[in-house]
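Put together the whole structure using the sequences plus the hints.
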Amino acid sequence: MLLLTSFTPAAFVSRSLTIAAALLLPPAGSALAQPTPTSGATLFRNTRVFDGERMRPAQDVLVANGIIVRLGHSITAPVGAVIVDGTGRTLLPGLIDSHTHSFDDALQQAVIFGVTTHLDMFSDHAFVRARRAEQEAGRATNRADLFSSGTLVTAPRGHGTQFGLIIPTITSADSAQVFVDARIAEGSDWIKIAYDDGRAYGMGMPTVDRATLQAVIAAAKRRNKLAVVHVGDAGSARTAIDAGADGLVHLFADSSAGAGFAKRVAEQKAFVIPTLVVLKSITGVGGGAPLVDDARLRAYLLPASRSSLAQGFPRRPGAPATSYAVAQSTVRALHAEGVTILAGSDAQNPGTAYGAAMHRELELLVEAGLTPVQALSSATQIPARVFSLADRGRIAPNMRADLLLVTGDPSSDITATRDIVGVWKSGVPIDRASFAQRVVTLSARAPTPAGSLENGLVSTFDAGSLTASFGMWFPSPDNMAGGTSTGRVQVVTGG
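Sequential numbering from 276 applies to the sequence shown in our numbering.
By construction, these hints were calculated from the structure, which means they are not laboratory data.
A few of these clues could be false.
Quick list of simulated restraints, FRET-style, between CB atoms [to be verified]:
{"#": "1", "residue 1": "Ile358", "residue 2": "Gly477", "range": "55 to 63 angstroms"}
{"#": "2", "residue 1": "Ala333", "residue 2": "Ala493", "range": "43 to 51 angstroms"}
{"#": "3", "residue 1": "Ser709", "residue 2": "Arg414", "range": "13 to 21 angstroms"}
Pairs of lysine-lysine residues, derived as DSBU-like cross-links and limited to a Cα-Cα distance of at most 35 angstroms, are as follows [what the hints assert, rightly or not]:
{"#": "4", "residue 1": "Lys538", "residue 2": "Lys500"}
{"#": "5", "residue 1": "Lys500", "residue 2": "Lys544"}
{"#": "6", "residue 1": "Lys538", "residue 2": "Lys496"}
{"#": "7", "residue 1": "Lys496", "residue 2": "Lys544"}
Positions of the beta carbon are idealized from the N, C-alpha and C atoms, including for glycine.
Dropping the structure here:
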């Protein structure tokens, strides 16, 4: 059986969203509409600077030809340079989302919210290869950069096989090196392993055994690649750390991992990407719901994004209890032990939206015990260091000019990151105003709240695309149930 569905993992319901087009127009001064500088230079004048590690007092920052040239006071503007007033504002490195699944126009959406780099944790390797080729050729200044694990390592019918992509799977430890080498040949920047039998969600699915988990981790390290592990429950997290994982790309909400877990992670020198916004959604509450009505973001949230942010995961009958407090206390314990923590959204899952969800993740990390400056570092210089991206994540001479300018001081109020004045990718300003107009247009075309769908209309396909009033279209095969069906989704003229 092959089910074609407009995919939102959270049942088919979300809160009602009726927003007048006038309310979706960007607030005055919220976006910069300016020409590309003729000299290739932009001078940020008198702006507070978060350099990736600490907040620095107001100063000037000169950018030229996509690179940060100089920081200082009373810098002379080159002829033809664009001058940006930073008074009362903060300049930050472009944010790095350390856990995404990048499909369709994810990268274009992300950059609107100041996320200039995606660290993708499973996507179509052909999609990744094409996007990487474009960015390496300098043709990606209008979207976030993409780095990826490519195809994840999973068992037959295991986690990751349910999304309609036909992917290779692994069945035994003795094939680990060949399997890992094949992923590297496809272009994987690191190796991601799914170690999750579904118990935390009230379902059963195959997963690699412990011996295979250990063998894959060892195989990745032999090739000088990071080995990161997807887990769904506390027990699996403990096993993954004991097996030598370099990092966990989720935490868990089922039960405590025990008093010694945080210390063990620290001893292993492993890092953790908690994905708190998704863990909150797993408890049934839309993790990103507070963003939907935030006036600082509202004008840039697509109808599908507003719907997704408000959604929680559906609860299966018989599923074990979940508690967001478990996830929050685990982050607090890890932080107390000095474990390296990275900010990641796990977009596009219930409770998230590309780019926007990172601003909620930062807030949740602060609530879990990080200071605002530590949270900002977890989304800038820390992931750049962990994933060996030496050209970004900091504001310093010779670094890439991937920049985010916001009103206020996010080191005292982390939600100030939402009050975006402008975003620059390699020194080129992002056209946020046009994106806001796109939001207005799409909202006018889809006035029906996604949760009610009173007229039954999910998609018209009139534009020849697979857009939906909520979620996305993709083939949902039956391989997790033991079947062999495959399929594809496409718009057929006259269909």
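Outcome of the hint check:
1. Ile358 with Gly477: 55 to 63 angstroms: At 57 angstroms between Cβs, range holds.
2. Ala333 with Ala493: 43 to 51 angstroms: holds, 50 angstroms
3. Ser709 with Arg414: 13 to 21 angstroms: Distance hint for serine 709, arginine 414 holds at roughly 18 angstroms.
4. Lys538 with Lys500: Judged against 35 angstroms, a Cα distance of about 24 angstroms means the pair holds.
5. Lys500 with Lys544: Roughly 15 angstroms separates the two Cα atoms, so the pair holds.
6. Lys538 with Lys496: Within the cut-off at roughly 22 angstroms; holds.
7. Lys496 with Lys544: holds, 14 angstroms
When each numbered hint is compared with the structure, no violation occurs for any of them.
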